[in-house]
Structure formats: structure tokens, C-alpha cells
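Colleague: Residues per chain, in single letters:
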Amino acid sequence: MSNINFGIDLGTTNSAIARYENGKITLYKNPVGFKDTLPSVVSFRKGRIQIGDKARELMLTQSDNVFASFKRKMGSDSTFTVPDWENPLTPVDLSSMVLKELVNFTQPEQPKAAVITIPASFDTIQTNATKKAGYLAGFDEVVLLQEPIAACLAYSNSQSLDLTEVQHWLVYDFGGGTFDVALVRIDHRELKVLDHKGNNFLGGVDLDNLLVEKIICPKIEQATGQTQLWRRMLSGEEADCKKLYFELLFKAEEAKKELSIKTQTAIELDIPFWDAFLDIDLSRVELESVLRDKFEESYQLTEGLLADNAMPFSAINRIILVGGTTYIPYIREQLGLRSGIPVDTHVDPTTAVVIGAAYYAGAKPMERKEVTAAPSTTPQNEPAVEIVFEPHSKDAEELIAVLIQSPFQGFYRLTRADGGFDTGVLRASSKITEFVPLLEKATNQFTLYLLDEHQNIVYQNTSIAITNGLYNIMGQPLPNDICLEVDEEAGKTFMERIFKKNDILPLKKTVYKTTSKNILKNSDEKLIINIVEGNAGGMIGSNLSIGYIEITGKNLPMDLIKGMDIELHFKISESRDLSVSVYIGALDLEINEVFNPHQRHVALDKVALEINAVIQEIEAEMNDSEDEENFTYLAQLKRIKDHLIVLHQEALEGAFDQSTDRKYQLDEMKRLTIQAYDDLVRHKHVLLEIEEYHRTREALESYLEVATPKQKEEFEKIIRNEKEVLQSNNKYMIRQKTKALDDLYDSIYMKQDQRFYNAFYYYRFLDENEYTDTHKFMKLVALGETAIERENIPELKAICYQLWDLLRVKPKSRDEWENFDGDLGLK
Amino acid sequence: MEALINQFFEIEKKSLEHQLPHFERNFNRIHHEFTEMGYKIVNPLGQPYDERDTALEANLMHPGAKKITKVLKPIIYREEANGYVLIQKGVVIVE
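So the sequences go chain by chain: H and V. Per my numbering, residue 94 is the first one in the first sequence, and the count goes up by one each step. Per my numbering, residue 1470 is the first one in the second sequence, and the count goes up by one each step.
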């Protein structure tokens, strides 16, 4: 028999659900908005039922349609009349709606039993009403647990306390809207609420209002000369004042949180209607001044509780905290100081109750027999549904049409997976249409739910995906990749893809680069921006240059220093005009160029440079392949190389010929010849890069166990699109990926003690003549060996730095390797 | 990171309110960096308010409030393995 495992805190202000599994508690997040808790508020407006945050939004303006704090009325005969709703609703009905919404958090799991918490003050009728709400929400089994007991369980289990003697704990629960204090007796892990006291209208929400009224408003009045501000804000007669009230309430809450960590904070207010821009200082002392009375009230209740039970504070072993208001340092300090009892702050007070409920549920066997239904994609009562939508869109919203073919009575709901959209629950007809908003440049995943008359889910479809902006189905596709040539290392460049083949025109993109060499004002040095069209995986020379900008020292108003930022904005129109805008912020220099497909630019010195780079590469390839004795391959390489040598010579000679077509012919021949070489070697080179990638990844994986969580996260991020990159047939992309892994490996290594051992042995076995002072070198070596023996890492570290300092020629650091001078000046 | 984005949002907002256009490039650059880091920042100022928009915490000025006239906090999404996820709700005033 399995255990219940699910725990629910059905709170007056907020509710939450958690699960116990293998000794751990998982707190479920709301899939709509991704918060841990759900406001216990339900709204009914124009046939739309909303539960939680969106319902709470309507409380101030449409209170007739919004129901909150109904927990206080559990077990009473109070009813709530809802417009367009057949029968009035009871607190049990509303609570069951909140419970159902919490169950939605656990999708795709459908808990059939749960532990639900109730206040210690609940009588039998209220307790039974809560049970009924649980059954209405679809649970077969409901076990109730008192909130103070749940909180004690959370604190004791999370710290694995082994309580062998009788103890008394005080549960001090200061929530958003209510205050409760309970005295709990713990006897050999048996927990019992001995007594409790509370005030249903004392909570943290009031604190934000008090902060606005007592502290912030007087300061605004003083600065602006306004009077009666608090009253004017609440009366709602002046729209500007009402708007200011919402802003102040939000800022007061933020300031309250800040003052929990700092002693001073400030809020900025821009009040255009009074032509005022205010910077209001707030201190923790001020917050405490408005809090004091509230705390006193809660403390008197606590003292009263102990007096009623004839117990002094000294008989209490610990105070445990529940509720968001207990985050405030003043409350924690005062409680500890005045009672003289340790205040336990180990557990998040806002989720202590639900966590305790889950612990209890994890140990509580289900009494009703669990019926495990065979997984079925089409349950018998599932309606036949057809969903119509446009999978690609460039609009801000799209239509989703749902046709329910079988007779169906009930409701529907549509949500977006990123948490930013929810229709709420609406009455369904045979044809449902919803215009849904789309998140820009993203795949928007929607889920459709159909619910029966009792709002239980009977159908769910998660496969509604609408992609916005990434595809534009009306335009022309780009026939080839468009790339920017950038420096890879000294003497080598590679192509960075700006736009991908089959991207749809028009396109635009901004990239940020840095300069890779110094270009002095008035010098002949130049910065080259070369945009090519072709295959991003091929060699630069084999592609067609479609945009070329040279910025020489003569164009510069001042020196361009290595490392400066360059902003490049690319735009390709539907007629394939390429516009490039270059902006160098440090010089405030902007250059704009438009290249048309029929205007070809060939820079012969650049052509010569490209040819030369390939000749060198072929020579290296021939050297590497000599041992394989593949003479046909070597002959092919040599033929290409000879051809390129001729072209290189011509490019150099023709550098001054600006009048004939020869340079275009030369450029075309260069392109075709390099393409022939590229075709010959690409497959082999890509395979080598893939092998290198796998080697690096394996090495890194074996090292990951010593990495920090952030570094592990970084690793996951790098390998996320690994498959796509490895299958790209683009050696440059694979190489970049390998480099990212290498850099990560280095950053992990730099945080390990091991690196000082390695560095020491490296320095230790260098020739003594490489050091400026042999005597000192010997001494440091002896000291280093002792430090290693004693595992004294700080000392070893200091010795390594000393040895480095003594070296005549310092080894190059990784930064220096990275700090090469590039051919183009752009990396 | 949310705190950093919120501060950036405040600076951008102030510069717009005080008509200081010369920071535009810098703002675009910072936006670009946030995007590269997987964050999507949405400022819904001036947009019609949609009651189904759960990425917003709205302060409604009156029952027929329709338009977002003030944004106290922007909406922030973060890209994760299965797409974007809302990490901060926008806080707005709707009139």
C-alpha cells in the first residue's frame, strides 16, 4: 500500500501544495506565473472563473465578483451569490475550487488523496466542511492536520531532530492577513496542540498600508506641499491620487523587503502631476515604529496563551516561525529578546505548513485501495476534439479554434507553458474560439483542458505549438548562409554566421565585436569588415564577398585601440540589398554602407591574403598526410596549391590594376579553386574537429564533479545544442564549441588546489638557469616540498607566485594567447 | 539577475521620461546581452490590458480599466531547456 504523499496548505490568504518522495519534499510551482503559492481568491466575471493572482487583481475594483478569505466562513451557512451562476456558492465550493487549482500544479500526476491543513481553532463543523471541500475537489481520501503541528513537523524533520524528552514549542504564525499562536507539546515524536490564540484580522498586508500612511505620505506632503494625501488616495475621487496609491503600496512592499536585509533604503517617485521627482529615504527604525503596535498585539496574545496554560516562557524549548511577516528582523529579534527563547529560523516560514503537511503525508498510508488505471490516451468519456490553429505566425496574437464533435457539457481552459497566459475556466460550447497572445520570437506552447460540470479535467492536449517571428511564411528564403569574417587567431580567420540559409527575408541583426589590433590614426593599418555569402562551413576564400568595408587609419578621428567595442548592424531587404552599419562607440564613429547584389567589390590585396592563407594550410595538410602515402590525394593537393600560387602572384601584380575586369575573373577563380580544396578536405577536417570535441567533452565530464553548481549549469548550456552543431558540417562552429568547453575546463581548474601542485612541479623541474636567483630558487623548492608534505595550500600558492616571479622568461598566460593581433582587426 | 534587470529597466525608463536619447545605443547593447544570456524582457507600457495575461500583476484603477499606463516592474522570461519560463511578473497600473 502506498502513502498519501501529497500535502496541502489551504490558507486564508494563500495556499500551496507539496509532495513527499524518497525523503525529500517538492514544492509545486503554479504553472501559471510560476509562484510557490496560490492566493486563495476566486473571481467570476462575464462567465470567466479565475483562481489566484488574476482573481485577486479584481478585489479592489470589482469586489462583488471576487471572493476571498472564505476560509474564515467555513462551516457557516454563508453563501456567495454569483451573477450568471445557478446556485449561490458556499465556502466549501470556493475552497474546493482552490484545491482543484492546486491539483493542476501537479500535472500530469492526479493525486487521489491528500493531507490538508486546518487552523488549530477549527471546530468539528469547520473540520468536516474542509473534508467536504477536499472530496468535492476530487480526492477519494482526505486527512486533516492542524497547521501548528504541520509547522513543527517541517522544523523537526528538516533538521532531523531526535527528541527523546518532552518539549514544548510555540508556533508563532504571523501571516498576510491573520495571526495565530499555538502551544505544542512534543512527547517522543507525538505532537499535540495544547492551546492556541489568534486574531483573524492582524496580518502583514496592513504593514504596507501603515508604512504608506504613517511614513511615506507625510514625507511626500512635506516635499510637495500637498495635504490630506492619505485620505485623498483612499477616497478615489482624484484619479492621479489613486494611481499614486497603487505605486506607493508596491514600493512600500519592496522597501519593507529591503529593510529586512538593510538598515536604510530609498524609494524614488516621479509624480508628473505635481511636477515632483522625489527620493524618499526610509529606515528600518521607521518601519519598526509602525510595526511596534502590531507586534505588541501579537506578543500580548502569546503571553496570554502561556498565562492561560500557567506556563512561563522558560518552559518553552523553542519558538518556530510561520508566515511571511516573520521575515522581518524586528519581529525575530523582539521575540527572542523578550521571551529569552531561541527562535528557530531554519525553515522558510511561508512554506513551513505545506512542507510539514507533505512530511506527514509521506508517512501516512492510504486507507482506500489505490486503483491504478492502465494508462490510456483516450479515456472512455473523453470527448472527440479537433483543434485548428496556425503553427507559424508573425502576429502578436493568433486564433485557436476548438471543435468538440461529441456532445459535451462543461468548461474549457487554455494556458501557455511559459506561465504568462491563462484564460481561466470558461463555459464550453461545441465551437470554442480564443485569440491567444504570443511571446515574440519564441515557440508558444499551449495546453487545452476540457473540464466536466464539476470542473474535473476530462481532456488535455499539450501539443498546440505556435511559433512567432522565427519563421515568416510570406517572404523569400535566403539561398545561402551570410557570414561575417572574423579573426580566430594570428593569421587565421573564420566565418561567423549572421543569417542562416533558408531564413526568410527581410532580415536584420546586430552583433557586437571587439577590435583585435591597434589601428593608429593616419596609419595604413586597416579594419576589414568582410561579409560573404556561401556555406558557413566552407573556407572563407571559397565564398562570395557581398559586402566589404575597409576602415583605415586615415578614416579615424583618433587611434583605434585593441579591445574596443564595435557594433555591427546588418540588414538584408527583400530585394537582397545588404545594408551594413558600423559604429565604434569609443570614437563615436558611424559608417553606413549599402551593397547591391550587382555591385561587386573585389579588394585584390584581400584576395592575395586569402590565397596565401590557403596555400599555407595546404602545405601543412601535405606535411601531415605524407606518411599515409596516399599519392593521389597528395597529387590533388599539389595541383591546387600550384594553381593558387599562380593566382597569388597575379593578385599581387594586379593590385594596382583598377580598370579591367581581370580582378573579378581572378576573384572567381580563387573562389572555385579554394572551393575544390575545401571539398577535398572538409569531411576529414570536420571529423577531426568532432573527435577533438568528444575528447574535450570527455575530459571535462570526468572533471565536473569538482565544478561549482554555476559551472555545471554552464556545461549544460554549452552542450544544449551540441547535436545541431556536430551535424552542421561546419568545422568552425564545432571548434568554437570545443573552445567553450576548454574555457570551462580551465575555469574549473583555476579554482582547484591541484593547480598549485601542478604549477610547483612544473617550476621545480625547470632548469635552474632559467631563474634569476638560483639560491632563492633552491630555497623556494625546499619550502614548497615541505608545504606539500603539510598540505599547506596557501603557502604553496605563495611559493608558486614567487617562483614565477623569479623566472627570466615568463610562460605565456592563456590571456596572452588570446590576445593576438588579428589580420582583419575584428574578433 | 532579476535585480540587475530591474535596475536597468528603471534607468532606461528614467532616461525616456527625461528625454535623454543619447543612451539608446547603450540600452540596445545591454538588451542584446540579456537576450544572449537567455532573458526576454517585456515592457507592456501602453498596451491594452488583457485579463488573461498571467505575466502581469495589475492594479486596476476602475472596473473598466483597459490600458497599461504605468509599469513598475517589467516582465522577465528566461530561456530554459523546453522554452521560455516566466521568472518575474510585471507589475503595472491599468487605467
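FYI, nobody ran anything at the bench for these hints, they're computed from the structure. Take these hints with a grain of salt, some might be off.
[To be verified] No farther apart than 27 Å at their CA atoms in a straight line, the calculated lysine-lysine pairs in the DSSO-like style are these: (1) H:LYS594 - V:LYS1536; (2) H:LYS335 - V:LYS1542; (3) V:LYS1539 - H:LYS225; (4) H:LYS285 - H:LYS117; (5) H:LYS816 - H:LYS832.
Colleague: Is LYS1539 (chain V) within 27 Å of LYS225 (chain H), Cα to Cα?
Modeller: Violated, at about 43 Å.
Colleague: Verify the proposed pairing of LYS594 (chain H) with LYS1536 (chain V), using a straight-line Cα cut of 27 Å.
Modeller: violated (41 Å)
Colleague: Between the alpha carbons of LYS335 (chain H) and LYS1542 (chain V), is the straight-line distance 27 Å or under?
Modeller: holds (18 Å)
Colleague: Would you mind confirming whether the straight-line C-alpha gap from LYS285 (chain H) to LYS117 (chain H) stays at or under 27 Å?
Modeller: holds (24 Å)
Colleague: Keeping to a limit of 27 Å between CA atoms, is the pair of LYS816 (chain H) and LYS832 (chain H) held or broken?
Modeller: This hinted pair holds, its Cα atoms lying about 16 Å apart.
Comparing the model with each numbered hint stated earlier shows that hints 1, 3 do not hold.
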